[in-house]
Amino acid sequence: MANELMKETMEESFKYIPKLINGIDKEIEYISNGDYTNALSLLTYILEGLDWSIQAIVLTAPLHGFSIDISKTNESLNLLLSAIENSDYQLISDVLNYEIKDILYGYVSHCQKGEFN
130 MANELMKETM EESFKYIPKL INGIDKEIEY ISNGDYTNAL SLLTYILEGL DWSIQAIVLT
190 APLHGFSIDI SKTNESLNLL LSAIENSDYQ LISDVLNYEI KDILYGYVSH CQKGEFN
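Numbering (this note's numbering), first residue to last: 130 to 246.
Please keep in mind that the hints were generated in silico from the structure rather than gathered at the bench.
Here a beta-carbon is modelled for each residue, glycine too, at the ideal position from N, C-alpha and C.
A hint or two may mislead.
Unchecked claim - The calculated lysine-lysine pairs, modelled on DSS-like cross-linking and capped at a C-alpha distance of 27 Å, are: (1) K201 - K242; (2) K136 - K148; (3) K144 - K201; (4) K155 - K144; (5) K230 - K155; (6) K230 - K201; (7) K136 - K242; (8) K230 - K148; (9) K230 - K136; (10) K230 - K144; (11) K230 - K242; (12) K201 - K136; (13) K144 - K242.
What the hints assert, rightly or not - Derived DEER-like restraints, expressed as beta-carbon distance ranges: (14) E133 - D217: 39 to 49 Å; (15) S170 - A190: 31 to 41 Å; (16) Y145 - S196: 17 to 27 Å; (17) L210 - N162: 15 to 25 Å; (18) Q184 - D154: 17 to 27 Å.
Using the sequences and the accompanying hints, generate a full structural model.
Now the structure itself:
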């Protein structure tokens, strides 16, 4: 039962994470265009999506074998939080683009190669 739930979660993550990456790209576009109202609105959904995605990746690791560097991920998330608190939109964009997307792309790439346990 637990194994089946992990498989379903992993399959859902394969569908969801590319959409999350597209949302991050839209966020970066909003920021680069100075559209901070839409950027802040979308950021709420991105944060929720990141929370779910990271949990899904960690919880399904026994199936796919991809491991997140939790320390590095937490550093990136803390930096993102600090940028949000300081309304530093350029830093928000940079962290999402160069750190968070790397984590998500790493997972997607790993799983597309079929490197499952």
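Here's how the hints hold up against the structure:
Taken as a hint, the K201 and K242 pair is honoured in the structure, with Cα atoms around 23 Å apart against an allowance of 27 Å. For a cut-off of 27 Å, the pair hint linking K136 to K148 stands: about 19 Å separates their Cα positions. Note on K144 and K201: the hinted pairing holds, with a Cα-Cα distance of about 25 Å set against a maximum of 27 Å. A threshold of 27 Å between alpha carbons decides the hint, and for K155 with K144 the separation of about 18 Å falls inside it, so the pair holds.
Straight-line distance between C-alpha atoms of K230 and K155 comes to about 13 Å, which keeps the hinted pair within the 27 Å bound. For the hint pairing K230 with K201, the CA-to-CA distance comes to about 13 Å; that is within 27 Å, so the pair holds. Of the supplied pair hints, the one linking K136 and K242 holds, its CA atoms being roughly 17 Å apart against a limit of 27 Å. Taking the CA atoms of K230 and K148, the gap is about 12 Å. The hint holds against a cut of 27 Å.
Under the criterion of a C-alpha separation no larger than 27 Å, the hint pairing K230 with K136 is consistent with the structure, at around 23 Å. Among the hinted pairs, K230 with K144 is consistent with the structure: their alpha-carbon atoms are about 16 Å apart, no more than 27 Å. For the hint pairing K230 with K242, the CA-to-CA distance comes to about 18 Å; that is within 27 Å, so the pair holds. As the CA atoms of K201 and K136 are separated by approximately 26 Å, the hinted pair is consistent with the 27 Å bound.
Of the supplied pair hints, the one linking K144 and K242 holds, its CA atoms being roughly 16 Å apart against a limit of 27 Å. Between E133 and D217 the C-beta distance comes to about 43 Å, which sits within the given range of 39 to 49 Å. Between S170 and A190 the Cβ separation comes to about 32 Å, which falls inside the hinted range of 31 to 41 Å. One distance hint, 17 to 27 Å for the beta-carbon pair Y145 and S196, holds here, with the actual separation near 19 Å.
Between L210 and N162 the beta carbon distance is about 23 Å. The supplied range of 15 to 25 Å therefore holds. Separated by about 22 Å at the C-beta atoms, Q184 and D154 satisfy the suggested range of 17 to 27 Å.
The structure meets every hint from the earlier list without exception.
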